[in-house]
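Enquirer: Spelled out from the first residue to the last, the chains are:
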Amino acid sequence: MAKVDWPEASKRTLIGKRISRTDGPLKVTGAAKYSYDISRPGLLYVKLVTSPHPKAEISGIDGTAAAAVPGVKAVWKDEELQEVQYVGQIVAAVAAETEEIATDAAHQVKVEYRVREHQVRDNDPALSKDKPSNLTVGNLDEGFAKADVTMNGNYGCPVITHCCLEPHGQVTEYRDGELYIWPSTQNVSRYSDGLRNDVDLPQNKIHVDCQHMGGGFGSKFDTDKWGKIGVTLAKMTGRPVKIMLDRDTELMIAGNRPSAYAKIKVGAKRDGTITAVDAEVWGTGGGGGYSAPPIPYVFGKIPNRRLVGKGIRTNRGGQRAWRAPNHPQGCFLTMSAFADTAALLKMDELEFFQRNIQFTDRPTVYTEELNKAAELIGYKRRAHLRGDASPGPIKRGLGVSIHTWGGQGHPSECDVTIHPDGSVEAACGTQDLGVGTRTCIAMVVAETLGIPLQAVKVKIGRNEYPQSGASGGSTTIGGISVSSRQGATAALNALLEVAAKRLGIQPDLLEARDGQIREVDNGSKRISWKDACALLGPSPITKRGVNVPGESAKANLASQGVGGAQIADVSVDIETGIVTMNELVAVQDCGLIINLKLAESQVYGALIMGITSALYEEAVYDTRTGKMLNADMEFYRLAGIKDVGKLTVHMMTGKGYDDRGVIGLGEPPVISPAAAIANAVANAVGVRVPQLPLTPERVLAALAQRGGSAA
Amino acid sequence: MKPFEYSAPKTLKEACGLLGDTWGKTEILAGGTDLVTSLKQRITQPSRVLSLKHLKELHGIRNSRGSLVIGAMTTLGELAAHSDVRRHFPALVTAATGVGSPQLLSVGTVGGDLCQRPRCWYFRNGYGLLAQKDGVSLAREGENRYHAIFAADGPALFVSASSLGPGLIALGAEMVAAGPGGATRSIPATEFFRAPQSENEREIALKPNEILTEINVPLKGLKNGIYEIRHRHGLDWPYVTAAVAFGGKEGSGGARVVLGHVAPMPWSVPAAAKLLNTARPDEATAARCGQVAVEGARPLSQNAYKIQMARTAVKRAVLAAV
Amino acid sequence: MQDEHEHPDVLSVSRRGFLKGFGAGTAATSLLSPLSVREAEAAERGFVGPGAVPVVLTVNGRKQTIQAEPCVTLLDALRNRLDITGPKKVCDRGTCGACTVLVDDKPVYACSMLAIEAEGKHITTVEGLGTPEKLNSVQKAFVEHDAQQCGFCTSGFVTAATAFVRKHPNATIEQIRSGLGGNLCRCGTYAGMLLAVADAASGKGGRA
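Protein chains in written order, with the numbering used here: chain Y, 1 to 711; chain E, 1001 to 1322; chain P, 2001 to 2208.
Each hint should be verified, as a subset may be incorrect.
As the list claims (entries may be wrong) - Heads up, incomplete: computed chain Y residues facing chain E, CB under 10 Å, no partners named:
1) Leu629
2) Ala639
3) Leu700
No lab work stands behind these hints: they were computed from the structure. Here a beta-carbon is modelled for each residue, glycine too, at the ideal position from N, C-alpha and C.
Just chain Y, with the same shape it has in the complex (with noise of 0.2 Å):
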């Protein structure tokens, strides 16, 4: 019998190995359908009314003129709605024939607001007014009386957004008497449980949809209140609807990642060894909770710590999860102030991080993957101590972090169904956010059946499907590949079962490999795939494969816990005080990979992502307005091809790695960019910008404060 181990590697013929995605060439030709491009017959489309005000009562909704608009269909308002709290906040809706009727009929919609006095302001300790949270590990003033040197540093990152390419929304219908929904989503399988309370319809008549989305990153779980609004105009009107958000409101209220400023005291011994940390953290989600991030980041075992979290209220749209939640936030500062302490004590970065890499919770990997990362950029031939003392304006420098993820696959269930011909189909509720999960699914199956990638279809995106977990904190890949790894392998079993009658020996003397069923190690006995299939006679066999994280791990199928290692180099014009990307190194593990260009795909775009929010991110809201004034594509800015230099990255495989089973890697990557890229701008300048983004404004900034320089 086939065992649902991973095989080894010299017996892999598909894992592990570079494969194109199998649905590119319908995402090159515009072929692939997106929510956003879903067409129904009759369809209307929605604009919403929003605040233009960061809170105000309102005191009446009057639709009368949207509704009387040439080709509107139905006008929608929030009766419910009393205060509104942020700009943005959906307010009323209008469906009509054309997206232009839409859009001039929404401006038509009066709303009486009685503007109250607003708070958008997040950088000040002052304005919170929650209770502080507070962490306090061993005796802060022991450890800070055991150090030689002791480093005070403020540093910050500010609220940044999603900006998926593809904007939140969907299209609804009802259609005999049942509930047709496409959203763009993260969460196909559960997506309608946020529809409870809207729809009387049972599960079994709601549908949902999905085949391709336009990134996610965290902030598309929800049903969302646009989602609500679409079930309800498609019932008011008897007519298919679409709704999906403009830019600026999808920049200003479908993705906030929560903002984190923070004043923080290191001390360490004259060798480098940390003996305490005190960091008071600040910043805001929006108008509900916050939560601070980690300080000290990854070096969680340093013996005296403190941390203080003190959240900020404010009248800006809330936060959502954004790719490994508060981890870049604790990672940059907690860098950050390493970094300084590193340089107050004329020591070179590396050494320092590997000098107290006894605080993490996996010396060997980090030490392994500093020193592979230090290789690959030439560390040794090329580090100086802060400030390059080159002449000229463009200075260079380098830069070290080091992060952590969990990456632990969520329940998932997958169906598996050889067919008597010889087909074979995958059918697993989970979505496709980029990451290339058809092809994943694709290939452990064709593994298992030892068939050709080509010979399996594999079906996603639909509610109908085995439930899978929603894809956020890199748990997709661990979780889908051991469900269909166990489908597969059920399916394999029930098959070899038939063909061992017909070969006349034990099926556990059996595999499937190159297309045949044939007996282990010798294949004397054997028939080919198609020949087994056929004696199936009239009925397929459909296994479900299940992935139970518990059990997985302890099977090492799938676990979690992973490590990484990134150095940036980075050249800074002292004169304009624009920093430049020379190169990104990363340095990565994550278990078993399935899809080595994919994985790599992954850890690309992470930095790209990490780059971006280094350099360019950041929400800007004007205190006075309460407005965010860049909800657009051309102030807030994302890198483009000319911004990201050279990339480099570097996987973690083999020994020691493959056997841990799958783990997730969406995450990881994206978490250290922003921590090496600005020790790299203060390694290369001498000084600290110590706010993020690094744009040149601040870099002259913190040149002209140090003086001296060519400002």
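Assemble chains E and P onto chain Y, guided by the hints.
Expert: Here is chains E and P on its own, set in the frame of chain Y:
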């Protein structure tokens, strides 16, 4: 956008006849890269849009009586690729390609670049050209990192967004506008841009019923160059640019130094230009030029950094032109 | 939507007079093609709209007439009227490039061009460059180098890259970076894109 009527007249005379006496009722459409965005943002809500696409006489570049005549509907891509422009006016080539997007170079026009509206984020968010709320300037006390450091004592604090303006002023260009009946008049580039004093005014010297038809750039053999400082290395608005032109056949006297993105209009600095008329344009002169160019800058609360950038941009523009 | 194979560019004086007599109402439309009614309206008052007017677009080689207000962008006309959804709506402000189409072989932001302005021009969308079964060289290289993740920017990048490769065979890496300077990706697929476009520019994989 608010629905509007549309016309694409076949002759300039006809086009001029369709314009009115007040701003905002009819908007002129060239490449559309700014206007279509402005319409969506509802910062202008015209009842009519007048397309210039059929006006053949506004297209193309020709040599005429010691000048290069650039039609207003010439695209930025055509401008940057034109052999005479490349030979004589590297500053214009750098400015056009500096826009950084092949898509914008394909359709964005020279006239459109000169007539585009400011990118001030208060303006683009619907707070008006002068960004005032309850009589207070939002930009003066607020988020003004991208705003003016010169001429910021009036109500307009935005910066001119034109990429070509500074270079054309440095080169001594003249704009030609056609008015009612097709009658034309010349406007020196130095007078083309202006700081509006009220919401009803615009940032250019055209009248509401005039169409920019062409730009004459004299061929004086001036050395010229431009240096632009952008945050991103690709498509982005510059923080600061500096255009310089000096030397030439007629000897000294014709030098100009013009800063971009530092004032509601391209900002000429004659004192810096004077240095280029008298001193050899070496590293030291270039640095001194930059120093002189920023004298008199009056930054707002967040944009003092632009002074350092302007100093650098002028220095590097001079060295680029040599 | 209807296929439009011919339409009179200019109306004769007598025809215009005829229309004037009837007004541009239903009687006239039943006798003349919608486009000639629009021409007549333009000739009469200088303007057409603000309501829907017939607009003739030639997309991927096929000439089609849609009803669209003059304020409809080329992007919305393609997506909402012609169900050509390769070009995506992302920033809708001419910054991100996801809506890139070719207009007379030049890359253009379809969100920043009015549909009516694109009349008489040849519009090519990503669908017109290749099919999943028959990819052009840029598309092939994008798949090979995994130059896409979520894929929402991919149509625009492929279209811009195809225009670039056709114009700049054997381009340098620096030129490629400039050629793709008008597009943005959020997943971060630039590394694959550079390799892909370099491959396609070198002539590997056939015609772009």
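Enquirer: Could you run down the list of hints and mark each one as holding or not?
Expert: The hints, checked one at a time:
Checking Y/Leu629 against chain E by beta carbon gives a least distance of about 4 Å; that is within 10 Å, so the hint holds. Because the closest C-beta pair between Y/Ala639 and chain E is about 7 Å apart, less than 10 Å, the hint holds. At its closest, the beta carbon of Y/Leu700 sits 4 Å from a beta carbon of chain E; the interface hint therefore holds under the 10 Å criterion.
No hint from the list above goes unmet by this structure.
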